[in-house]
Amino acid sequence: MTSTETKTGDPTGERNPEAPVLEVEDLHVTFPGVNRAPDIRAVRGVSYRLNRGEVLGIVGESGSGKSVSSLAAMGLLPEYAKVSGSVRLKGKEILGLDDRRLAEIRGRTISMVFQDPLSALTPVYTVGDQIIEAVQIHNPQVGRAKARERAVRLLELVGIPNAAQRAGAFPHEFSGGMRQRVMIAMAMANDPDVIICDEPTTALDVTIQAQVLELLKTAQRETGAAIVMITHDLGVVAGFVDRVLVMYAGRPVETGTVDEVYHRPRMPYTMGLLGAVPRLDLAEHAPLVPIKGNPPSLAELPPGCPFAPRCPIALPQCLAAEPSLLRIGAQPGLAEIDAAPGAAGESGGPDTGEHRVACIRSGEIDTEQWTGADIYPLPEIPEGEATRIPREERPVVLEVQDLVKHHPLMKGAIFKRRVGTVYAVDGISFDIREHETLGLVGESGCGKSTTLMEILSLDKPARGKVVVLGRESGTLTGRERFDIRRDLQVVFQDPMSALDPRMPVFEIVAEPLRTHGRSRKEINRRVRELLDLVGLDASHAARYPAEFSGGQRQRIGIARALALEPRVLVLDEPVSALDVSIQAGVINLLEELQARLGLAYLFVAHDLSVVRHLADRVAVMYLGRIVEIGDVRSVYTEPAHPYTQALLSAIPIPDPEKERARAHVVLEGDLPSPANPPSGCRFRTRCQKFRALTGEDQRRCLTEEPALQPVSGGDHTAACHYAEKRAVV
Amino acid sequence: MFLVRRLANYVVLIFLATTFAYLLAATTLDPRANYAEMRPQPSEEQVDARLDELNLNDKTPLAERYAYWVGDIATGDFGLSVRGTSVNEEMARRVGVSLRLILFGTVIGATSGILVGAYGAVKQYRFFDRASTGAAFFVLSVPAVVIAISLQVIAVWINEATGVRIFQYAGEYTTGLDAGFWGRLGNRIQHAVLPTLALAIGQFAAFSRYQRNMMLDVLGSDFVRTAMAKGLTRRRAFFKHALRTALIPTVTYFTFVFGIMLAGTTFTEKIYGWNGMGSWVIDSIVTNDVNAVAAVSCFMAICVMAASFFSDILYAWLDPRVRVS
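Chains A and B, in that order, are what the protein sequence lines are. Residue 717 in UniProt numbering sits at position 717 of the first sequence, and the numbers go up by one each step. Residue 198 in UniProt numbering sits at position 198 of the second sequence, and the numbers go up by one each step.
Quick caveat, the hints were computed from the structure, so don't treat them as lab data. Treat the hints with care, as some may be off.
[To be verified] Between beta-carbon pairs, the in silico distance windows are:
1. VAL12(B) / THR202(A): 42 to 52 Å
2. PHE239(B) / LYS725(A): 58 to 68 Å
3. PHE137(B) / ARG36(A): 19 to 29 Å
4. ALA135(B) / ARG36(A): 27 to 37 Å
5. ARG417(A) / ARG83(B): 53 to 63 Å
6. LEU62(B) / GLU511(A): 55 to 65 Å
[Said to hold, decoys possible] Covered stretches of chain B, as calculated for chain A (at least 3 residues, CB under 8 Å):
7. 238-252
8. 314-320
Beta carbons are placed, not taken as given, at the ideal position from N, Cα and C, and that holds for glycine.
This is chain B alone, in the form it adopts within the complex:
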């Protein structure tokens, strides 16, 4: 019941976020400019007709365009792109690409961050703790773009040093490759390693810091001592009693970090030449593609809400105290 109400809230929020994105894009982007450079120059009537067709004509009042757009949205249609193609079709092609990146990036980054952070707390002020702290702060202080490019540079260096193309850093897969299912999968993984890593590193840094602090708070608590007094070894008490409890606040933190990571996706996709949602939003802003921008915003909002929903469920599962209310 609680979760159902949450879901209803999310739908409203996603709609609002998308609306704001649409209104912002519709008022600031100027699709008419796309036709200014065109040779032969189309007549104003022709442009108007074309823009009307796309529901992008700035001569139509914004309210009218918005109403039309909302009507489409209600049927699940995000309208047409500036090139006249269906935004929905384009989205269908790209969503999978982005989701793959986000999913693996998050899972790898969060898990490794939590484990390293927790272990760092157990070994506070030892070498492992100092090294992981140093690494995390280094990553946190470097912009995502720089990390992505640096990884590329390192990959090139490794490829050259070994003489084998271990890492691929352009596109999702080598086009025209004929190597059977396993060969294609291997090829895809080769391509995926770098961008996934670029995303995961940022996640790892944020999570390891946070988890370390949470773990330190919990390690000294009485119940960990009780667990040891029962006969658990120090290590077992830490991982069974302390880590489980220290995970609770991290789950809430997950939602916040997720938003930052989505922003990171746009750069990563652009840099590694992946045709995902992130690179699309940049392209659509350049081409004044209002409907596409709104569609991508909607996708991002859904992702954030999904992350938030997921963390709510995790929270309820981890912490029995919230289940009652």
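The shape of chain A in the complex, shown without the other chains:
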């Protein structure tokens, strides 16, 4: 059992209908260090109160302690974790209960939906059995047939088609979104009072995310449960929750209603976080506001406010003691802190429901009405020379024409026979000109990464052609290929695995230079120059990748890609693995590099907000085809293809007012298998427009595959028979 020390619960809270369903007070979680390593204080005083039917969002970056605090409340942490404080569920203290007593509560009164639906279900039992287990464990008197009935009904409720039959299927036979539905069904099985959702949509595509969020709202209506929504995505929270708790370094730093926190943030960290998110709904091209530095290590926290080292308005008094979470204006004055340094530091007592901030300057921020833009110095990004030259006059650096990549689908162990074809990329065309960024977007499985790999391989494609800097792939000699690679470089998604962990940074960046036969002296000079260019300290060149944070590693990856002064840079989801505050810095760096070095980018991403911010043109892919392509402004403000409209509409905007007012187009179902694409228009099976058409008009979608056709002036084209411009953001 988890070792605990418990404060006595409030005895008056019991059987009071007005009492909050879940009260967490001064929760601390510490992971003891092994082998004389310092203890990791993952959660340091979290308090919140959740009323019946209320939705609380807990927002924070990785390592802020947001998930750990909920796992601690449910007794799901490993046994060696030390937990203290108080967690009261319907007035009853549950922290410190033994495993058997906790197990009775888990899944019945409080249940949980986890992040990764692919690994959260036991692979060897059918989903039906797993839901039946959830029902029967709390109601052993319910017979198996009854429990099965209930399981099927739950599966129907969460929108699994053919539920009675699908209950007998195993988790691997479901897609990610479907598995998350099963998880939600399981969480709803015993009509809990509280559902904790730990990043329930992070691992899903945006269209699926929209479905799951819809479903969670349904689940809340059905069960009347209160929901704790843990996420790093400020957009998801904006439209979904009533109140927000922002966490940083294991502590709440700001809490209040969603409107208070989003529209009147009073903690510099929250302000920075909101400024760092690329916005889908803002057209003007202002640079993002990165928060400098990295979150502190939870093992060795500096004294004072943990955010002070990254805060642009930190004062010496900020380092005196950690500020408490207090009402705005209730913070001690600077003089008081000077008089009694170290006096503060309490976590701020129980949740009062008010807007409270842990910053000694919050009063000042409030009276001065400062916004993020006032506090954070706006990075200056030079305007590129070439952007003034019209697009048509700039040379084409990368041209893709009717590119096709089909994978054969094989069966049999010894005698392989072809049983089908995966149409991964099925005839796409685009071009990229100098100084230009093309964003390639789409859900996972749409073929965007395959396109990228085909371009990088420099092999002859199965059909169509790829022309890199005037040279056609597949016609090159070995020597020519080697030369072309100098001009065509790539940055990968995962900065953790894209760098050799056993090579110091200097070697990583020097490797391409060495391969291309540069002199030792030149290499030394160039590596230092590159590290400086991407904003890293050149004196750190002897360190290994493990000593750098995610954002810094991605910068190393960029430095390596830039080593040979390429003209085209292919970026495969370069920021999707990074936290928001870090992501902004890397995006700004990419913009700056483009302006300074005149690079052309092919930017593959699933995050449409990032693409809007960074790209000049955007191509939307669906099942191996480009369904819409054009310049960013035109595609985002007037999308013409129903799929683009659905994609854009599915992305939550980090603005509670706007987000609540938006009507989302929620697509049905999952992406069809690329081995068996629908006839005619590939999107018709999920198309909201198709459903609204008359039978006569539908026939065209069923039989005829639409080609890209111009929808307005310029080069904005969409592949839909009934394309119609419609603003959705």
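With chain A held as given, fit chain B onto it using these hints.
Same frame as chain A, but now just chain B:
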């Protein structure tokens, strides 16, 4: 269908393994040498005639002998031993002895290994885990022969200390014992404890290490946490969700360990004086008995294939993901 195809594969493999064993034995063993020491010395013609009768004459080309042997095999006949007795009859007597040993050794060793390994993983770095890890490594680093003999020594010591012959360590049963069915069964068990244990200990060591690692991989997984979030206690989640999943890779491992154990059987049978297949293969090599060696090899191959088949079935039963393909 999948399993039927597997079975056909196995038959081919068993035949190939046996063939290689026969060819190897036929080229390296020299049955003629058995007659060299004989008094009175038989004439060369007599020896040739006898060897021809046994299909062991090295003057006949190997291909011819092999063809004759294969012809016999096709009818299920493994030929004659050097003494002229039927290999089949001898085998029939011995197979049961070995199978009993292998079956009990495997079942006891694998089950206890899996349970101890899984429990060790749950109690990682606690006393139980450290003790079982230490024991397993000790056993793994000691050859099977040494373990068998050490067990014998310990048994003698216990027998002497208690003054009762609790453990028997020679032969399968006491000959000429007249004690009714239960008495004979008890006597057989007394004899069987030590050799079975000698075999099981090695299995236990290998399985407990492997299962511990597999279990550790699974214990931290999300689905175990999900099971607990549903309302299962920690222990129940571990044994219902984690152990079941962690068993899957162990089943494949079973086949590999089984081969090693068969080698262990030969020593064990020899040391404890059991007339099984293992001790027979040693005896036949000493007496240049080509047909017997081939027969024992065939038996071993069948055992390995049976183990492999068994683990395939278990795998399909445990892991729904392979059933589809």
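Status of the hints after comparison with the structure:
| no. | hint | result |
| --- | --- | --- |
| 1 | VAL12(B) / THR202(A): 42 to 52 Å | 51 Å, holds |
| 2 | PHE239(B) / LYS725(A): 58 to 68 Å | 59 Å, holds |
| 3 | PHE137(B) / ARG36(A): 19 to 29 Å | 26 Å, holds |
| 4 | ALA135(B) / ARG36(A): 27 to 37 Å | 29 Å, holds |
| 5 | ARG417(A) / ARG83(B): 53 to 63 Å | 54 Å, holds |
| 6 | LEU62(B) / GLU511(A): 55 to 65 Å | 59 Å, holds |
| 7 | 238-252 | holds (count 4) |
| 8 | 314-320 | holds (count 3) |
Checked against the numbered hints given earlier, this structure breaks none of them.
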